[in-house]
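K.L.:
Here is how the chains run, residue by residue.
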Amino acid sequence: MTDTMTAAGRRTNLRLWRGARKAGFPTLVLLLGPALVLFTVFVVIPVAQAAVYSLYRWNGLGPLSTFRGLQNFAALARDTIFQKALWHNILIVIVSLVIEIPLALGVALIIGRSNFKLAVFFRTFFFMPYVLSEVITGILWQFIYHPQYGLIHSIAALLSPTSPAPVLLGNPRITLWAIMVVIIWKYFGFHMTILIAGLQDIPVELQEAARIDGASSGQVFRHVTLPLLRTTLQISMFFSIIGSFQVFDVVWAMGKGDPVNAAETMVTYLYKFGIQRFQIGYGSSVALTIFVICLAFSILYRKLVMREER
Amino acid sequence: MRVMAESRRRLVSSVFLYAACSVVTLIVVVPLYISILGGFKTMGQLVTQPMNIPLPLMASQYTDLLVGKVGFYWRALVNSSLVAALSVFFELALCACSAFALARLHFRLSSAIYNYFLLGLLFPLAVAVLPLYIQLRGLHLLDRYLGVVLPQVAFQIPLQVLLLRGFFKAIPTELEDASEIDGYGPLGFLWYMVLPLSTPILATSGVLTLVYSWNNFFLPLLVFNSEARFTLPMGVMAFQGVYASDWNLILGYLSLAMVPAIMIFVFAQKYIVAGLTGGAVKG
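Listed in order, the protein sequences are those of chains A and B. To convert, note that position 163 of the first sequence is 163 in this note's numbering; the numbers rise steadily by one, no gaps. To convert, note that position 121 of the second sequence is 431 in this note's numbering; the numbers rise steadily by one, no gaps.
Fair warning: there could be bad hints in the mix.
As the list claims (entries may be wrong) - Straight-line C-alpha distance at most 30 angstroms; calculated DSSO-like pairs for lysine-lysine:
1) Lys303(A) / Lys379(B)
2) Lys272(A) / Lys84(A)
3) Lys256(A) / Lys117(A)
4) Lys479(B) / Lys580(B)
5) Lys272(A) / Lys256(A)
6) Lys479(B) / Lys117(A)
7) Lys379(B) / Lys256(A)
8) Lys84(A) / Lys303(A)
Calculated from the structure, these hints are not laboratory results. It should be emphasised that the depicted structure is a prediction, and the values quoted were computed from it without experimental measurement.
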C-alpha cells in the first residue's frame with residue numbers, strides 16, 4: 001500500500017519533501033544531523049578525551065607528552081583526601097537510602113491515599129524545594145545554620161539561653177551531616193512524587209480485596225502495596241544513588257567541601273584538582289573513576305536488584 | 311459499638327497523619343519564610359525576632375537590590391533567562407526532529423543511532439567537564455552564552471529524545487496515511503500533524519530543560535568568568551562573597567533569586583511532574 005503511494009508521490013513531485021516513511025538521505029541529515037553533531041562534540045568526544053588525558057600529566061597547554069600510564073590512578077587511590085571524598089559519597093548514598101527514601105515513601109503513602117483531603121496542597125509544598133537551585137538552597141541553609149544570626153541560634157537560645165548556639169558548618173565532624181539534612185530537604189519531595197505516581201498505578205481493588213480477606217493495614221502494605229511498588233521504588237533508589245555519587249552544587253555553596261575537607265565529595269575534589277589547579281591529566285583520572293563507579297553500579301544494580309521482577 | 315470504635319480509630323489516625331504532614335510542611339516552608347522576611351529586617355531583628363514579621367518593614371534591602379544599588383540582580387536574571395531560553399529553543403528543535411526521525415522513519419541505522427544517544431544517559435556531566443573546558447577554549451566559546459547553552463543541550467539530548475520518541479511512536483499510523491494522501495512527506499507530517507498533536511509532551515520536555523538550565527551551576531561556573539555573564543546561582547554565590555555578613559541583604563537577594571523559580575514551579579508543576587514520572591516510571 002505504502003509503496004504504491006510513495007511511488008505515485010515520487011512520480012508527481014520530485015521534491016524531497018514528498019515520500020513519507022522511506023525518507024531520503026537529505027531529510028535524515030536535516031533531522032538528525034544537528035543533534036548528532038552536538039551530542040558527539042560536547043558529550044562523546046569529551047568523555048573519550050577524558051579517558052586519554054587520564055593517562056598523561058598535562059596542564060591543558062601544549063602537546064600531550066608526559067605519558068604516565070596508570071600512575072594518575074595509583075596516586076589517586078593513595079590520596080587520603082580522595083579516599084575521604086569517596087567515603088563521603090558512600091555515606092550520602094547510605095543516608096539517602098536509609099532516611100530520604102523511607103521518608104519519601106511514608107509521605108507518599110499518606111498523601112497517596114484516595115481519601116486524604118488536602119493531598120494536592122501538601123504535595124505541592126513538598127515538591128517545591130526540588131525546583132530551587134542547589135546553590136540558592138545551600139546558601140539559604142547556611143543562614144539557617146549560622147550560629148550568630150540563624151534559626152539555629154534562635155532555637156538554641158530558646159532551649160538553653162546560657163550556652164552559645166552550636167557551630168554546624170564550621171565543625172568538621174558535623175558539616176557533612178548538616179549538608180545531608182539540606183539534601184534530604186531538597187530531594188525527598190522528588191522521590192515522593194515518583195512514588196505517588198507508582199502508587200496510583202496499583203489497582204485499588206487489590207488492596208480492598210486483601211482488606212476484605214481480613215488483612216490489617218500493615219499486612220496490606222507488606223504483602224500487596226510494597227511488592228507492587230517495587231519497580232518504582234527501585235527506580236527512585238537508583239536516581240538517589242546515582243545523584244549521591246555526583247553531589248557538587250550544594251556542597252560547593254555550603255563551604256566548598258571544607259573545613260579540612262570534611263564535606264569533600266568526588267566532584268568537589270575533581271573541581272579543585274582539575275580546574276582550580278589545572279591538572280587536567282590527574283583531574284581526568286578522577287572523572288574517569290567517578291564514571292566507572294557510576295557505570296559499575298548501574299550494571300550491578302540492573303543485574304542484582306532489578307532482575308527479580310521479570 | 312464496633313462502628314463507633316472503628317470511626318474513632320479512623321479519626322485518631324487521620325489526625326495523626328495530618329499532623330505529620332503539617333510538621334513536614336513547616337520544615338519545608340519555614341526556611342523560605344525566613345528568607346523572604348529576613349530581607350525586610352535589620353541585622354538586629356534577624357536575631358531578636360527570627361520568626362516575626364518585622365514592623366515597620368524595612369524595604370530598603372529589596373529596593374536597593376531592585377534598583378541595582380547593590381549587586382547585579384537584573385543582570386543575572388537576564389543572563390539566566392537568556393541561557394534558559396536559548397537552551398529550551400535548541401533542545402526542542404533538535405530533539406523533536408531527531409526523536410521524530412527515530413520514531414517514525416525507516417532507515418538502516420535507526421536503532422544504532424538511538425542506542426548511540428542512549429549511551430549518553432550513562433555519562434554524568436562531571437566526567438566530561440575537563441575536556442569540555444579545553445574544547446570550549448578551542449572553539450572560543452568560553453565566557454559566551456553559547457558556551458553554556460550548547461553543552462547543556464547536548465547533555466539533555468539522551469533523556470529528551472527518549473521522552474519524545476516514546477510519545478511520537480504512539481501517534482496512530484492512520485494519521486500518517488492521511489497526511490500522505492494529502493500529499494505531505496515526512497517533514498510535512500512532522501510539521502502539520504506530529505508537532506501540533508504533541509504540545510503537552512513538548513511543553514513537558516521544554517519545562518524540564520528550563521528547570522535544568524535555570525538551576526545549572528557547574529557549567530556556568532566553568533564557562534563564565536566575567537561578572538557580566540553570571541547567572542542567578544552564580545550571582546548569589548558572588549554576592550554572598552562580597553556582602554559576607556550582611557545577612558539581611560543576602561536573604562533579600564536569595565528571595566529575589568527564588569521568585570522566578572517558584573513562578574516556574576507554580577505555572578508548570580503539572581509538566582514537571584509529568585516529565586519526571588513519565589521518564590522515571592515508564593523509562
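K.L.:
Decide, hint by hint, whether the structure agrees.
P.N.:
Structure-based check of each hint:
Taking the CA atoms of Lys303(A) and Lys379(B), the gap is near 58 angstroms; set against the 30 angstroms cutoff, the hint is violated. With a C-alpha separation of about 14 angstroms, the suggested pair Lys272(A) and Lys84(A) falls inside the 30 angstroms cut-off, and the hint holds. About 42 angstroms separates the Cα atoms of Lys256(A) and Lys117(A), which puts this hinted pair outside 30 angstroms; it is violated. The straight-line distance between the Cα atoms of Lys479(B) and Lys580(B) is roughly 22 angstroms, inside the 30 angstroms bound, and the hint therefore holds.
Taken as a hint, the Lys272(A) and Lys256(A) pair is honoured in the structure, with Cα atoms around 9 angstroms apart against an allowance of 30 angstroms. The hinted pair formed by Lys479(B) and Lys117(A) fails the criterion: a straight-line CA distance of about 37 angstroms is larger than 30 angstroms. Only pairs whose Cα atoms come within 30 angstroms are accepted, and Lys379(B) paired with Lys256(A) is accepted, the gap being roughly 28 angstroms. With a C-alpha separation of about 28 angstroms, the suggested pairing of Lys84(A) with Lys303(A) holds against the 30 angstroms cut-off.
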